[in-house]
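Visitor: Residue-level listing of the chains:
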Amino acid sequence: MKTMSRPPIPPELLAMMARGVSVIVASRDAELRPSMMRAMGSNVENEGQRITVFVSRAQSRQLLQDVAAGAPIAAVFSEPATHHCVQVKASRVAVRDAAPRDEPLLVRYLASMEREVQRVGFPPHLTRAMLACRLPDLAAVEFEPEQAFDQTPGPRAGKPLMDGAP
Amino acid sequence: MNELQLPDIRACLEGAIPANMATCAGDGTPNVAFLSQVYYVDEEHVALSFQFFNKTRQNILANPQAAVLLLHPQTAAFYRLHLRYLRTETSGPLFEGMKAQLAGIASHSGMQAVFKLLGADVYRVERIEAVPGEPLPAPMPRGGMLAAVRRCSEQLARCASLDEALNAVLSTLTHSMGVQHAMVLMFDPAAQRLYTVASSGYATSGIGSEVQLGQGVIGVAARERTPVRITHMTNAATYTQAVRSSFQAGAGGIEAATEIPYPGLAQPRSQLAVPVLAAGRLLGVLFVESPDDMRFGYEDEDMLVAMAGQLGATMELVQVAGDAVEAAPMAAGPEPAASGEPLHLRRFGGTDSVFVGDDYLIKGVAGAILWKLLRDHAGQGRCDFSNRELRLDPSIRLPDVTDNLEARLVLLRRRLAEQCPAIRIEKTGRGRFRLHVERPVVLTEIS
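First to last, the sequence lines map onto chains A and B. Here the working numbering is used: the first residue of the first sequence is 1, the next is one more, and so on. Here the working numbering is used: the first residue of the second sequence is 1, the next is one more, and so on.
Extracted from the complex, chain A is given alone in its bound form (with noise of 0.2 Å):
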């Protein structure tokens, strides 16, 4: 597997991800079945190079047993207004107890989801809800993604942005 010194997710994109938009993760079992969960917050380091994404320990059971049995993961971002959407994905991810200073990203990502939800046309008071945890039960899910994929819905949805694992 290459590590690219430059990941080529187009600066937009990146920009989008950084900002806090929706985040789905998903992983799989030894069975390959499917887990998934949405995340509750999300911080993109180092051109998109470095992922954090924070989910509930009790609503994600079984997406946190199988990245820690070291299942890949695959992480979607998207703007709920225009549906530009990226797919990370990576194959190994380290797992940590959220800590105090995560807390202001999570109030950003917070705020940020807010407003993006409300340009759909849905009130604060039901994202608040859709993302409300408790610091003590979230869990850092890290990874370097080796690949990328823009996922705008349309025919060119799945279209690589970075080469890496075949």
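FYI, nobody ran anything at the bench for these hints, they're computed from the structure. Each hint should be verified, as a subset may be incorrect.
Claimed, not checked - Cut-off 25 Å, straight-line C-alpha distance, at most; resulting in silico cross-link-like pairs (SDA-like, lysine to any residue):
1. B:K372 <-> B:S447
2. A:K159 <-> A:A58
3. B:K116 <-> A:A30
4. A:K159 <-> B:H344
5. A:K159 <-> B:L117
6. B:K116 <-> A:D150
7. A:K159 <-> B:R439
8. B:K55 <-> B:F95
9. B:K116 <-> A:D97
10. B:K427 <-> B:S447
11. B:K55 <-> A:A30
12. B:K116 <-> B:Q267
13. B:K116 <-> A:V120
14. A:K159 <-> B:L61
15. A:K159 <-> B:N54
16. B:K55 <-> A:A139
17. B:K116 <-> B:R87
18. B:K55 <-> A:F122
19. B:K427 <-> B:Q380
20. B:K55 <-> A:P10
21. B:K55 <-> A:Q49
22. B:K372 <-> B:T402
23. B:K55 <-> A:R33
24. B:K372 <-> B:D302
25. B:K427 <-> B:R439
Bear in mind the structure is a predicted one, so any value in this text is a computation, not a measurement.
Starting from the known structure of chain A, arrange chain B on it as the hints suggest.
Guide: The following block gives chain B in isolation, referenced to the frame of chain A:
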């Protein structure tokens, strides 16, 4: 057992908030996709729209296991469905129902150029998980729907005529469901068209206006014999009812002159069409619409389907009862003599189109019926008629024994009331009616 069932979470399947789907490739790589539609098939199955040959498609063919994450649009509660892919349907009722709904979703989200249904992927729901969270309180359940169906059912059971049955259904829709715009159309199997026999809430009644089988939401519901529900305005021409068939085809002359404008909303944002069936045959379509988005949900669909079933059975019973009556006896007393300016009626033989002066009145089977009645009235002084003799009269060319003669008479009676009140048809009993002609009539045949 208190396990969560699919009907419990139908609100999550309205497409208000897009759902997500996770699949897994044969090599073990997971994948997440957005779903524009999670379509309720029955208590144990959903259908997902197959629109592109993408990663999800490849995965599902290699590994039929999938998960779907749903969000309740009012409470923000999450639900996870664990699914198994069964098959893909590319035609038929399920496919057409989804296709129509997707057209609405696509127009609403500005994706009309992108979203196109290639297939309806049917999945078995193996397990439903209520994901823990801090959801908002659930809205009050909508009450009174079952009571409204009951009232409608009671009214229909008392109906002795198609007129009464149509009124019972429209009044239930208006008074119990708050529906502002509704119509009932009957199917003419010979012409492969539907014609409006009753409506409420429109600027013009549109009685007699026609819809081709397969045209618009109404025509698709009829052709596929399945409910079609659109929760957002669609710009897709297929589902735009207002585009008129013969004008589209550039027809002129008599066809254009006999077009009664379709009464429906020019820009409906919610539409629901439900087929009316009896003994497996299509009798017509019950249709409601609204200028608001997301006006009709699954419960409205349930209610309309229940009402349509009752209406179909009532239509059939009224029809059979009407046909059983022997030819009518002579009129009890003499009719008052017609007076005033004579009415000039012309019939164009080819289409049985009847005009009063220069104004189009009626055509087809109902036109032929009117002409027979007026001829017998003029020639033999007859006023009283029976359904049975109409059915036996070769000049009327009733397509076959199953043709809904009662509906033709309702159409004729209502068109006369709107366009030519000097001629009336009054029901005098089961399968019997009387022709009232208040002005002298001059009949001219144009072949």
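Visitor: Of the numbered hints stated previously, which ones are contradicted by the structure, given in increasing order?
Guide: Structure breaks hints 2, 3, 4, 7, 9, 10, 16, 18, 24.
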